[in-house]
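Protein sequences appear in the order of chains A and B.
Sequential numbering of the first sequence, starting at 1, is according to our numbering.
Sequential numbering of the second sequence, starting at 528, is according to our numbering.
Keep in mind that the hints were calculated from the coordinates and are not lab data.
One or more of the hints may lead you astray.
Said to hold, decoys possible - Listed below are the simulated SDA-like cross-link pairs for lysine to any residue, each with C-alpha atoms no more than 25 Å apart in a straight line:
| # | chain 1 | residue 1 | chain 2 | residue 2 |
| --- | --- | --- | --- | --- |
| 1 | A | 509 | A | 452 |
| 2 | A | 194 | B | 712 |
| 3 | A | 44 | B | 664 |
| 4 | A | 44 | B | 544 |
| 5 | A | 503 | A | 408 |
| 6 | A | 44 | B | 561 |
| 7 | A | 509 | B | 588 |
| 8 | A | 194 | B | 536 |
| 9 | A | 44 | B | 581 |
| 10 | A | 509 | B | 562 |
| 11 | A | 44 | B | 562 |
| 12 | A | 44 | B | 613 |
To be verified - Some chain B residues flagged as far from chain A (calculated, every beta-carbon gap over 10 Å):
| # | residue |
| --- | --- |
| 13 | 591 |
| 14 | 649 |
| 15 | 718 |
| 16 | 855 |
Owing to the predicted nature of the structure, the values given are computational and were not obtained by experimental measurement.
No residue lacks a Cβ here, since even glycine has one placed at the ideal position from N, Cα and C.
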Amino acid sequence: MNGAAKAVLAALLACPWPAAGGGDETASVAGRVLDAATDRPLAKARIELEEVARVQSLEDYERRRRYSTRTGADGRFELSEIPPGRYELTASRPGYVRQDWTGKAVWVVGAALTLRPGERREKVIFRLQRAAAVTGRVTDPDGEPVPEAPVTLFAVSWARGRPLFLPHRTAETDDRGLYRLFYVIPGRYYLGLKVGRASDTPSIRFWPGTLDPEQAEPIVLKPGDEIPGIDMIYQAPPAAVISGRVVGSDGAPVRDVFVGVVPAVEGPPPSPGFQRADPETGEFELHALTGPAVLTARTFHGEPELLGRMALEIPEGGLRDIVVRLHAGAVVKGRVEAAGELPASLRLGLVPTWSWPQIYRSATVGSDGSFLLRDIFPGRYYLETPDLPKRAYVAAVWVGGEPLGEVLEVGPDRAPGELRVEIRWDSRSVRGVVRDREGNPLPGATVVALPPRGRWRWWSRYRSGRTDQNGAFLIRHVPPDSSLVAVERLDLDAWAAPWFAPKYAPYAKPLDDPEAEVELIALPAPE
Amino acid sequence: MAVNRGASTNDLGEYRLFGLTPGRYYLSVTHGRPTVSFARSRTGRETPAESQAYPTLYYPGVPDVSQAAPLKLEPGEERRGIDFRLTPAPAATISGQVRGAPGRVMVILRRQGEPLWVARGPGGVTDRRTGEFFIEGVLPGAYVLEAVTMREGEQLFARLPVFVGDDGLRGVVLELRPGVKVSGRVVFDGEAPGGALEKIRVSLLAPVNILFFGSRGGRVDSEGRFALESIVPGRHRIRVYGLPDGAYLKAAVVEGADVLEDGLEVPEAGLAGLQVTIGLRAALVTGTVLEEDGKPVAGATVVLAPERRRRTDLFRSVTTDQYGRFFIEGIAPGEYQIFAFDDVESGAWSDPDFLAEWEDAATEIELEEGGREAVELELIVVSEGQQ
């Protein structure tokens with residue numbers, strides 16, 4: 001991740017914290033850096049302590065307190081005379097994975113560490129894991145090397161039940177077609193090769209050679225691994241011409257319609273160019289990859305906005321005479337009720353469950369709790385409350401008097417019944433300890449607070465945290481009807497994968513006694 | 528000379544530069560250059576091991592560019608094992624303040640005495656409110672600190688030579704001041720057509736390592752007078768534009784000394800009395816480029832190089848037509864060499880070392896005022912490697 005992107009993320013993730021200082025008593029941090037595989041001390045490791053500050057501008061970012069040092073031959077380090085405050089503490093070294101003080105690989109921002117006045121934090125031990133590498137060759141179908149071909153290693157995280165392809169490392173092949181992706185954080189990845197340039201054919205070919213990420217084979221890297229021979233053939237994906245026309249719901253041609261098509265696969269976000277259909281007849285002609293696809297037609301400026309979505313299977317010979325029907329969106333009305341105070345400046349949003357096009361609608365909730373969302377196209381949606389204070393949560397939703405299931409369904413012909421959204425403030429902090437199967441406290445385990453059965457896709461209801469060096473955890477703002485599960489090691493936001501709750505909920509522990517410390521036995525990580 | 532290709536090493540420290548046109552190259556390696564910024568990035572105490580930087584090295588592993596050796600690459604060659612060993616050295620911090628203008632100001636640090644093509648140092652901006660700047664990771668040595676900004680169309684600048692010791696430098700003050708004025712007069716050597724003076728523009732070309740947002744003025748009036756404003760002191764080259772047909776820049780003199788060859792040294796106070804003379808009877812060269820067997824060569828690059836190589840403004844290059852012919856006009860009289868290359872990268876001939884290599888195959892000519900020379904040139908084959 002480059003500096004600018006990190007700055008932006010830090011800006012988004014950093015919490016407000018009063019500037020440290022005032023008192024004379026400074027803090028210090030000392031410890032050692034070891035190689036995780038051998039437990040030998042690591043020299044020349046860089047220790048960085050960066051203030052977790054409120055960042056609103058580039059200047060704020062540059063002005064954060066930052067301290068750094070390097071370990072000597074004995075692997076020891078010490079940072080002294082540190083003003084008390086909240087910091088990120090990380091260790092890194094060329095060839096090793098950057099780690100925060102809790103021992104977790106740092107993808108974006110590491111865990112925070114609070115230093116109190118006069119605190120002497122000693123014996124902070126970093127066990128750094130070796131980074132991994134992947135190498136291979138890109139050739140054309142005749143076996144000749146392809147230079148400057150862009151290859152990317154994607155990690156998969158999850159959001160709202162759908163995979164998010166996060167580019168981790170990128171490289172270009174050299175004149176021999178060889179590439180080397182290095183300093184890779186050990187984990188599970190998919191290798192993608194960008195092929196072709198046509199804007200209407202999103203085209204990342206995944207190792208070992210498929211355009212469908214679900215068919216891609218994962219590359220699993222352990223610390224210090226160097227996996228050679230991940231070779232790819234640079235070949236433009238098979239495309240075909242599809243044509244047809246766009247009509248309104250009455251069957252008549254519609255003016256000013258834009259049409260786009262993407263493969264129906266769960267992969268990195270596609271960026272299809274929308275093309276304008278013939279303004280008089282609504283006819284269109286597009287280049288598209290063969291295979292399952294989603295065709296979308298939409299008006300961008302019309303009143304009201306119209307949308308047509310259609311699943312297609314595109315054969316090699318292409319498709320003709322497709323008729324795409326446009327629909328106006330429905331109006332979704334409702335009311336937010338709170339057990340207690342209604343949060344100020346609240347918004348209510350509907351997020352499509354499908355991947356493309358992402359048409360997010362939101363509306364401000366009035367002081368009386370009422371809201372009105374327009375242009376809600378047919379489909380299934382998740383309900384979101386983006387500005388809800390952290391300690392509040394959505395306790396229940398009714399649609400036309402019936403309890404809402406996992407998602408909100410909007411049909412093509414009818415608006416859903418009135419929504420009633422109930423907000424509660426009685427979330428609470430949960431603390432406890434996670435042990436392994438031998439009963440020892442387990443650092444670095446992930447603890448997830450799951451919503452009850454039937455609400456597993458209410459994504460904003462999930463809470464998660466990690467255990468510290470003593471196996472202890474603290475999760476704030478947990479809705480009381482949640483249940484807790486601990487997993488040995490959970491990469492990225494895998495709790496938002498569609499398989500997570502069904503797999504782990506049977507072993508989850510309900511929150512009974514609000515005061516008691518919860519004891520959890522860590523479950524094995526998912527495959 | 529320009530940076531041609533760059534590559535980064537991988538985790539094994541390996542690099543590979545490919546797609547290089549055969550020819551002569553200098554190779555350098557840098558790692559962890561100084562950073563200029565408006566806030567100190569590390570205010571804590573640091574162990575000595577922390578403040579380190581890697582001095583730039585040139586092939587064959589020398590720190591001084593004047594000792595660098597060129598690498599000659601033949602067509603299709605793959606040169607391996609050009610390895611470098613980088614040794615970290617203790618680095619220091621420079622801190623200071625730019626005064627004289629509100630807002631952000633650009634600050635640049637460059638090594639003193641480095642040739643133009645490597646001297647562009649790292650840059651950054653000052654604090655918007657206080658004018659403070661910090662430069663970290665600086666290896667001890669002699670540097671030039673420069674600051675430059677524009678305020679209401681006027682260029683402000685500051686320049687300060689500094690010596691950075693092991694302990695760094697604190698409290699450096701860069702006081703911004705406006706650029707200076709250079710004025711003078713243009714005269715014709717002979718009778719020029721009416722109105723020709725007013726079409727001329729005089730300009731100064733700053734060396735690439737000087738931060739320079741461009742001067743104002745330079746228009747010549749009917750009396751031949753001109754004035755350039757907002758000039759940063761230093762050594763500039765003189766250029767004139769809008770000359771009548773067949774005219775050339777004959778001389779530029781300050782206090783009796785010619786400034787065309789070595790450049791015009793603009794002092795801190797500016798200067799008046801730059802006398803620019805325009806000759807009206809330029810010389811002309813025509814010719815044909817032939818292969819060894821006497822066949823004309825189309826598309827050959829003909830380079831006219833002045834005997835006084837530092838007069839970069841006198842270099843000319845043209846390409847031959849389908850009959851192997853070429854035509855160069857508007858040439859200042861003097862001694863020249865003419866080269867006819869089969870295939871040469873654009874601008875390669877501005878490298879004196881490159882021309883020196885082919886000097887034996889050049890044709891010497893002396894051009895007089897208004898002179899017309901016709902030459903027959905034998906093709907120099909560069910693309911097949913050495914002779």
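Structure-based check of all given hints:
Taking the CA atoms of residue 509 (chain A) and residue 452 (chain A), the gap is about 11 Å. The hint holds against a cut of 25 Å. Annotation: proposed proximity of residue 194 (chain A) to residue 712 (chain B) is violated, straight-line Cα distance about 61 Å (limit 25 Å). Only pairs whose Cα atoms come within 25 Å are accepted, and residue 44 (chain A) paired with residue 664 (chain B) is accepted, the gap being roughly 17 Å. Taken as a hint, the residue 44 (chain A) and residue 544 (chain B) pair is broken in the structure, with Cα atoms around 29 Å apart against an allowance of 25 Å.
Taken as a hint, the residue 503 (chain A) and residue 408 (chain A) pair is honoured in the structure, with Cα atoms around 24 Å apart against an allowance of 25 Å. Between the alpha carbons of residue 44 (chain A) and residue 561 (chain B) the distance comes to roughly 20 Å, so the proposed pair stays at or under 25 Å and holds. Our distance criterion of 25 Å between C-alpha atoms is broken by residue 509 (chain A) and residue 588 (chain B), whose separation comes to about 65 Å. Among the hinted pairs, residue 194 (chain A) with residue 536 (chain B) is consistent with the structure: their alpha-carbon atoms are about 23 Å apart, no more than 25 Å.
Pair hint residue 44 (chain A) plus residue 581 (chain B) holds up; C-alpha atoms about 15 Å apart against a cutoff of 25 Å. Between the alpha carbons of residue 509 (chain A) and residue 562 (chain B) the distance comes to roughly 52 Å, so the proposed pair goes past 25 Å and is violated. Pair hint residue 44 (chain A) plus residue 562 (chain B) holds up; C-alpha atoms about 21 Å apart against a cutoff of 25 Å. For the proposed pair residue 44 (chain A) and residue 613 (chain B), the alpha carbon gap of about 15 Å is at most 25 Å, so the pair holds.
With a minimum CB-CB distance of about 27 Å to chain A, residue 591 (chain B) clears the 10 Å threshold, and the non-interface call stands. Annotated as non-interface, residue 649 (chain B) keeps its C-beta farther than 10 Å from every C-beta of chain A; the closest such distance is 15 Å. At the 10 Å boundary, the C-beta of residue 718 (chain B) stays outside the reach of chain A, the nearest C-beta of that chain being 60 Å off. Every CB of chain A lies more than 10 Å from the CB of residue 855 (chain B), the least distance being 39 Å, so the non-interface label holds.
Going down the numbered hints, you'll see the structure goes against 2, 4, 7 and 10, while the others check out.
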